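Residue numbers (this note's numbering), protein chains in the order written: chain A, 830 to 1330; chain B, 3 to 97.
Note that these hints are calculated values from the structure, not bench results.
The model shown is predicted, which means the values in this text are computed figures rather than measured ones.
Among these hints, one or two may not hold up.
One side only, chain A facing chain B, incomplete, derived with CB under 8 Å [to be verified]:
{"#": "1", "residue": "N862"}
{"#": "2", "residue": "T863"}
{"#": "3", "residue": "A870"}
{"#": "4", "residue": "P877"}
{"#": "5", "residue": "S879"}
{"#": "6", "residue": "C882"}
{"#": "7", "residue": "V894"}
{"#": "8", "residue": "N896"}
{"#": "9", "residue": "S989"}
{"#": "10", "residue": "V1059"}
{"#": "11", "residue": "Y1121"}
{"#": "12", "residue": "V1128"}
{"#": "13", "residue": "F1168"}
{"#": "14", "residue": "D1172"}
Quick look at which bits of chain B chain A covers, simulated, 3 or more residues with Cβ under 8 Å [stated by the list, open to error]:
{"#": "15", "segment": "17-30"}
{"#": "16", "segment": "55-67"}
{"#": "17", "segment": "76-84"}
{"#": "18", "segment": "87-93"}
Where is the CB? At the ideal position from N, CA and C, for every residue including glycine.
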Amino acid sequence: MSSEKNNLKNSSYTDSSYETIIGLETHVELATNTKMFCGCALSFGAEPNSKTCPVCLGMPGTLPVINKRAVEFAVKIAIALHCKINSYSIFHRKNYFYPDMPKNYQISQYDYPLGSSGYLDVNMGDYTRRIGITRVHMEEDTGKLIHTGSSGRISESDSSIVDFNRAGTPLIEIVTEPDIKSPAEAKEYLVALRTLLLYLDVSDCSMEQGSLRCDANISIKKAGSQGMGVKTEIKNLNSFRFLQRGLEYEEQRQAALIENGEKVMQQTRHYDHITDSTKALRSKEEAHDYRYFPDPDLVPVFMDDDMVEGIKSSIPELPSAKIERYKSGFGLPEADSRFLASDKNTAAYFESCAALCKKDRLKSVSNWIIGDFTALLNKASISISSAKIKPSGLCSLIDMIESGKISIRSAKSVFEEMFNSGKEPQEIVKGKDMEQISDGSVLEKIIDDVINKNPSVVEQYKSGKEKAIGFLIGQVMAATKGKANPALVNEILIKRLKLNP
Amino acid sequence: MKIISGQEVRHIAKLAELDFSEEELSKITSQLDDILEHVAIITRADTSGAEPTSHTLKISNVFREDKVRQSLAKEDALKNAPERCGDGFLVPKID
Chain A
830 MSSEKNNLKN
840 SSYTDSSYET
850 IIGLETHVEL
860 ATNTKMFCGC
870 ALSFGAEPNS
880 KTCPVCLGMP
890 GTLPVINKRA
900 VEFAVKIAIA
910 LHCKINSYSI
920 FHRKNYFYPD
930 MPKNYQISQY
940 DYPLGSSGYL
950 DVNMGDYTRR
960 IGITRVHMEE
970 DTGKLIHTGS
980 SGRISESDSS
990 IVDFNRAGTP
1000 LIEIVTEPDI
1010 KSPAEAKEYL
1020 VALRTLLLYL
1030 DVSDCSMEQG
1040 SLRCDANISI
1050 KKAGSQGMGV
1060 KTEIKNLNSF
1070 RFLQRGLEYE
1080 EQRQAALIEN
1090 GEKVMQQTRH
1100 YDHITDSTKA
1110 LRSKEEAHDY
1120 RYFPDPDLVP
1130 VFMDDDMVEG
1140 IKSSIPELPS
1150 AKIERYKSGF
1160 GLPEADSRFL
1170 ASDKNTAAYF
1180 ESCAALCKKD
1190 RLKSVSNWII
1200 GDFTALLNKA
1210 SISISSAKIK
1220 PSGLCSLIDM
1230 IESGKISIRS
1240 AKSVFEEMFN
1250 SGKEPQEIVK
1260 GKDMEQISDG
1270 SVLEKIIDDV
1280 INKNPSVVEQ
1290 YKSGKEKAIG
1300 FLIGQVMAAT
1310 KGKANPALVN
1320 EILIKRLKLN
1330 P
Chain B
3 MKIISGQEVR
13 HIAKLAELDF
23 SEEELSKITS
33 QLDDILEHVA
43 IITRADTSGA
53 EPTSHTLKIS
63 NVFREDKVRQ
73 SLAKEDALKN
83 APERCGDGFL
93 VPKID
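Extracted from the complex, chain B is given alone in its bound form (with noise of 0.2 Å):
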């Protein structure tokens, strides 16, 4: 069974701006086709009389007060920062 084509997972990775060879690519797609395969087990469960659901828990209307909280130090949120530009994270440029 195939799930997924070849030409969806590149159509995925350059979503992504990923490259890869010819190799990796056919390596990648029988891998995910594998994944959702094994994931595909559970459509299998009869679903007729149940309501679609947006989330697993029966619970809705969690807010939060519109409180202000501290924010991590300037610093600490730039650790993460493959390169920095003064306060800024520096990234390359997606067209």
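Looking at chain A on its own, in the form it has when it is part of the complex (with noise of 0.2 Å):
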């Protein structure tokens, strides 16, 4: 390990000596309400081995069900991600042997897979990406194991203690074309899709939970070179974080490896995020010999046109269509749009005021979101669907503003007590007495006053130093405890300064 690292030390690899190509495998747990082939139900964290059944755990006998709402979800994916949904597909068994599957196979699909042939456009700020989906397909989640040392049940032996609760869950692979071409490009895909699967509401895409998962192939090659070098499959990048910096890793492991004429082995790594680096697992020669035969258990899936139009039609609109309406309908910038349209729950509240107020002020709503509510969300660790501020008060709060009833700055404070008490907004300004003074009777004497109390200043201004009637304003600002209006005291103060002479 260590010589490892010190190799790195001296990797070459930067952007332009080498090329990287990356491919990456996204595992989905569809959320719905029971497993893939039984009645079981889904649930995380429930008790070890309370939710099986002879279906789930193997038995004899037994033959599994396809769940219907497991092959709706799996059709809107694949048709979110532009696939062609195959009419025909089919179930295999991938045989394998290994404890987290009691039947010693896992259904899944192989030749005749749901969906194929699809893409998804990956924003990069300064250009898109277009990332090839190779397929989606169905397959069912294995059980869970955990590792244990020495029991003493099994005397002298590591064992392994098997819980079957996950075992059986609806399961969507997403495989990527090679088309990503850095670990950043990897991590944005990601993102996005992940940003997807939640629009669709089929999966609560929780990293932490496992209920979104990604290993990646990763190889490089010198610039300019032809073909492919050789690839890494890397496994556990389970956060975005780990994703990007488990390939900026193995990209430099890499370089680092050809820099010295050694060769780059194909093999399966697993990244440790202590470490910050990638280990080799042991290698199973034959692991990959899955013996994939069409499971007899299990009929044929035909997929109609109308079947497809039905599911299309459940899709709500999408965050690229989101981007293209905010932008086009709304006149928003594009950073604002995308940031908008990135969560389903923040694009449902700016589309409630949107609803509410007027076109001209949906840029304000936009600001807001961005600015002090999502700061405040995130020191609140809360998403803005269960936010106190309703989006009609973010309207009047806003209207407040415009028609010079309240400053921005008391707005600001306002605000937070809107998202800390849910009151009106009306209602905060009254109890605090911070209506804006918009009244020009009012503000001419305290300015009036303000004047005669900083006769040099006031000198300074008239001699040309414009910058002086900043501290004026300031000033009246205040004398009024901030509810100035600072448009009309910076207007009837030039005038009273041009009046005296």
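Two chains, each in its own frame: build the complex with the hints.
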């Protein structure tokens, strides 16, 4: 390990000397009520082995039956990824010997997947990368293993404890083409995919709980050279950050090998976020011999146009369409549109506001959501959908600012109180004596007083130092405890200074 | 006629984490070969006009509604466990 680390220091991987090719395989647990092939409830964190039945325990003589909703969810995902929905698809048995599946095989799809040949456009700021989707297929998740040390029960040997609650959970595998050119693109792909899946309402996509998991294949080659380098498969990339870091490490490691005249071995490596490095897993030369064959217990799935159209009509407006609509329909900048559409709940909130207030105030709505609102939500670790400020409250606050009733500065503290208490802004302003002073005659008196008290500053202004007015405005604001309408103060001050000889 | 070789049987045994002596291996290989030879009779059927199929019945789209059914009681689920540890099945660790 330490020699590997030293090698990295000498590595000459730079963006221009090598080209990176990455393909991702993502697994998504569907948020159905029941498992893929039996009626056992899905419930994360339930007592071990309390959600099993003869079907998911692989008892002889049982028959799996396909969960209709899981198929609908899978079709939704495939459509949203612009895949071709294959009219004929079948399930295969993927045979392997490992105690996480009681049947000794996993029901999966092989050469007739549900969806194929799609894409996802990933925004990288100054460019968009279109990433091909090779296939979207249905399968079942495995059980969970906890590896133990010498337990005393099986003397001398290490053993595993198996919980089959997860075995049989509907799982969708999404495989990309090797179109991803950098670890940063890989991360943004996963972010975009997760957003899409949350919009579709098919999974909770919790990376901590393992309902969204990602493995990567990565190879590098000298820039401009033909063909592809030898790839490694990286596992345990279970957060956006680890996905990017693990792949960045692997780029460096492979480059160091090539620089030293060594060969990159085709192998599976495990990312360890504590050491921030990848380590080869014990190689299993014959591990990939899964001996797939069609599962004789399951009949084919035929998808006709009516079924596909029916499912298509249940798909809500997706982020890419929303971004376009916010830009062209509401006149919002690209960055605002992307931010608002990047989260389903934020978009819903913004659209509730849009239904309540005038179109020329939507930029203000967007500013509040992106700025103060998000900051407070993050600080409180809550979602916008459970915030106490209702869209009507935010719109009223903006109305009060626009009509000159309160200043932006006091609006910020009103907003914070709305956030904490859920009170309407009118109520807060009344109780606090915060209403902005926009009465010219009231302001004139205060302004005259400030002018009289600061003859030297007035002199500076008159001798051409126009910036001196800032000090006078500050004095007026202080005298009114920040309640004076700044635009009006500015206007009256200039008029008064010009009048005064 | 040899349909399956000793090498293939060894490979499959390894996939299944099974250990055989050379003597057992040669006995199993010959027995498996007899079975495969018998089943191979089916390949004599003329299938030139038949569509490939994955299922013997002409049915498709058999689905169930996404409705929860009672799972087994935990104790029943664990009844066949060769060994258990707490509420889990205890099995030898496989690398």
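Violations among the numbered hints, reported as their numbers in ascending order: 10, 11, 13, 14
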